[in-house]
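Engineer: Residue numbers (this note's numbering), protein chains in the order written: chain A, 1 to 342; chain D, 1 to 361; chain Y, 1 to 300.
Simulated from the structure, these hints should not be mistaken for lab results.
To spell it out: a stretch of chain Y is covered by chain D in this simulated footprint if at least three of its residues, at any positions, have a beta carbon under 8 Å from a beta carbon of chain D; those stretches are:
{"#": "1", "segment": "22-31"}
{"#": "2", "segment": "201-207"}
{"#": "3", "segment": "210-224"}
Computed Cβ-Cβ distance ranges for the label pairs, DEER-style:
{"#": "4", "chain 1": "Y", "residue 1": "Asn191", "chain 2": "D", "residue 2": "Gly200", "range": "26 to 36 Å"}
{"#": "5", "chain 1": "Y", "residue 1": "Val139", "chain 2": "A", "residue 2": "Pro89", "range": "55 to 65 Å"}
{"#": "6", "chain 1": "D", "residue 1": "Leu109", "chain 2": "A", "residue 2": "Val306", "range": "52 to 62 Å"}
{"#": "7", "chain 1": "D", "residue 1": "Gly200", "chain 2": "A", "residue 2": "Val306", "range": "33 to 43 Å"}
Since the structure is predicted, the reported quantities are computational estimates derived from the model, not experimental observations. The C-beta atom is built at its ideal place from N, Cα and C for all residues, glycine as well.
In case you want the letters, here they are:
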Amino acid sequence: MQERAVQTRTITQTTPLVDVENLAVRFVSRDLDISVVNGVTFQLHQGQVLCLLGESGSGKSVTMRALMRLFPPTARIGGRINIDGIDIPALPESGLRKIRGRLISMVFQEPMTAFDPVFTIGSQIAESVSYHDGVSFRDGHKRALELLELVQVPSAKRRLDAYPHELSGGLRQRAMIALALACRPKLLLADEPTTALDATVQIQILLLLRELQSELGMATIFVTHDLGVACEVADNVAVMYAGRFVESGTVADVMDSPKHPYTEGLLRSTVHAGTRGERLDPIPGAPPDLAELPPGCAFAPRCSYVQPVCLEGQPANVDVGGKHMARCIRAASAGAANALAG
Amino acid sequence: MTAQSLSNPASDLKVAATDPDPRDRGGPQQPMLLVQDLKKHFPIKGGLLGRAHAHVRAVDGISFDVRKGETLGIVGESGCGKSTAARLLIRLIEPDAGSVILDGEPVALGMGLTVREMRRQMQMVFQDSYASLNPRLTIEDSITFGLKANGFSKVESAMRARSMLRLVGLVPEMFAQRYPHELSGGQRQRVNIARALALGPRVLILDEAVSALDKSVEAQVLNLLQDLKQRLQLTYIFISHDLNVVQYISDRVLVMYLGKVIEIGPVDRIYSSPLHPYTRGLLSSRLSMDPRKRVAKAPLSGDPPNPIDPPSGCRFRTRCPITETVCAQREPQASTASEGHSVACHAHTPGSGHSLAAARA
Amino acid sequence: MTAATTIDEPGAVAAVGKRPRSRSFWQTVGRRISRDPVTIVCAIILLIIVLLAIFAPWIAPYDPYRTSMARRLLPVGDHRHWLGTDELGRDLLTRLIYGGRMSLFMGFMPVVLATVIGGMLGVIAGYAGGAINMAIMRVIDVFYAFPSVLLAVAISGVLGAGIVNSLVSLTLVFIPPVSRVAESVTTQIRNQDYVEAARATGASAWRIVFGHVLSNVTGPILIYASSLISVSIVIASGLSFLGLGIVPPEAEWGLMLNTLRQSIYVAPVNAILPGVMIFVTSMCSNMISDGLRSAMDVKV
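With the rest of the complex left out, here is chain A:
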């Protein structure tokens, strides 16, 4: 592995592209009423890459889909979502359709199911282009070819006429990225885009996404459960648990000095070269049932540092220095010590 310093991104605008405050999402139906996202606040500037890291049930996918309101009708959204000045929860369906694909685009985990199997790749990309840009289908096709070349699909011209099932997993994912980039979106959302791919293909796709992101300057949000993915692509990372951010900051800060016990536990549980020969030290228990969250800190039942005050109420999100936030009372005392010191 070659060394490569993380490039610092110059932030050209002071107003964030994505401004989310107190986002809450509930699924309400005849059988259930669960709160899947419980108050998420963050901002994202043009050109930045944010990674939402968490396990199943953490609410990471739902948080991201809220930005496009890509939900079944049973979902209820609360809080403020502002993207490029547009108030997302207030948009009517027609307005949503205009921004999906144009302002915001999404890359899904399973490219086989995200593409319509009865149309060729080229025609699906061309369709998106001609819908949003208002150009003819032929021009859309030309653009589709450009895009396939942009995502480094070999023999792009031939692949335009291929059906989704005729392409291998890696090529399909590239085609999906091409589809997502078709209308030059300002915000790219990626939902576990490489989880279903083989290792040698995964690294190719991640590098491609990284390249494209820095070339085109889009803001990007990745959802993943894999710490390695976060390390490879993200500038900032937010760790989610039971529908909340429990820790956030630059990826270097969070990985080097995690302040939340869950993040610590996650790092400890991740198997890597250094763990060989030792017994692993996993987080005990299992992720919580979202329908029955305890009143206090959601991680308390599994936390080895738990104290009585943790069970009473939500810990505050504390700044432990340099925009590194953690939702834990231990971080609060450390943060206070920092504040006193400097």
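Fit chains D and Y to the given chain A structure using the hints.
Structural biologist: Just chains D and Y now, with coordinates in the frame of chain A:
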């Protein structure tokens, strides 16, 4: 090579019985499993009469051994045939050619073990913890099913099912009467392990058994697997695409590509100095855990090819950085590079004609 | 193997603190149905019709066969004959209740028989696969190619009129679709991991079918079969209407529709009453079938 002894801080765990297994025939020197030239080609039918016009050469002549008490890790990407190989071993699929010898006794070859007898000694844990359990049966019923099918009485089966649950860390009073959908992924996988161990096998094939679990749960189950291996003197075949997990749990590692074994050796050797260009590329594709040391360039380009029409000669040559003419002409044979480490690559076979090979002679 | 010590994963057991009652699949289905008002109402209506039919001799006010030329085609609402009389002076209320016996019998029995036979054939074909599957399903396909009504008429025509023959005819008509459903569901189940795991323990095919396949197959088969009840009632009535099923003077709704047809200009309300009964019974069984389907659509 004996199983690596792991530091075991849990002092309340009783040490595994050291009495030899009564089913053991050849002692520790005899390989637990000897696989010779196993082949499976799936026909692709088409045309009016449904004739097979091409074959998917899923497993195309693999040979390896598994030593008693070790964990053999099998890695490879899609199309390499590792899942098919697992199913061939346990005979869920019938092989087209080749033989499997379990502790000196051939399986399903007339003399030796019948398939049924083999399955008393070798069992499998599948990847999808939810699909592996019948949603209409309780946990206890799922476990007792196999026992009753093998002649255990109702009462015996129930007792054994409960002790299996306890063995994997699930309190029977709480879990036996539950249904799969009430359990978390990690708990379900424990049940699958309990079910596989119920018949008392000596070999456990784990086909991506932890891949679908969350990281924190995966760590718990890996610990459980290590404990069980020690207590019950098991032999594991651990199939996974996750290179880090394989490195953690295996004693030896086998790398498959497009239906063939391309490298096999001790885990430390394979991971520190891999010989085959594919193994090198695969290991370099691992993601960095340090944001300051990111991977700069993808080591391998393109996708793993389709096993329907593999390239002539060496199957990896279309993606190989050091391919030469000899690679298209002849298929490389396994050659021993060092103690216990063999690789199927012309560049590492002395006298093969590859420009790098002569230097190693 | 003794269960000497517990491998103690701290928290793994503790995380599952309370122990609520586990509900089996059918219990969950029952619970969901109990919360579905439409299904419950339809079930009650159907139950009333069935009970009326069963207790007909004790409930019906008159003798269903007693004719009276003087009291022909009395209108609905007559103080002695609440639902009027038919063209031969027989009390319609009585005839409808008695007719229910025949119609319901011809509605349920063929479906029950076809479910058992067709279900068995389908499961065997689905699990065995290969040549056995082809043998069974291709024969079934021949029957399936005929529209159900035509097939019923054709078989009845060959066998002749009468209850037993109608029963045979209808059962034969329904076996193909049920076995098709059973076969396709079984084929899907057969490829599931838990069936592979069961095979890996060395269980015999019969054991796997009874232990694993049936429990998963009965749901979809029941849903499909229940939707056939209304079809069966209608076809049975149709057969009687054509003179191929129940013969006079038996009371049966389809037959009654036929004989009252001629009086439609004179006493239209009387004439459509048997049709109303067919309609209500069919609707109710369809709604129950729908309710069963959505109740079984359990997201687990």
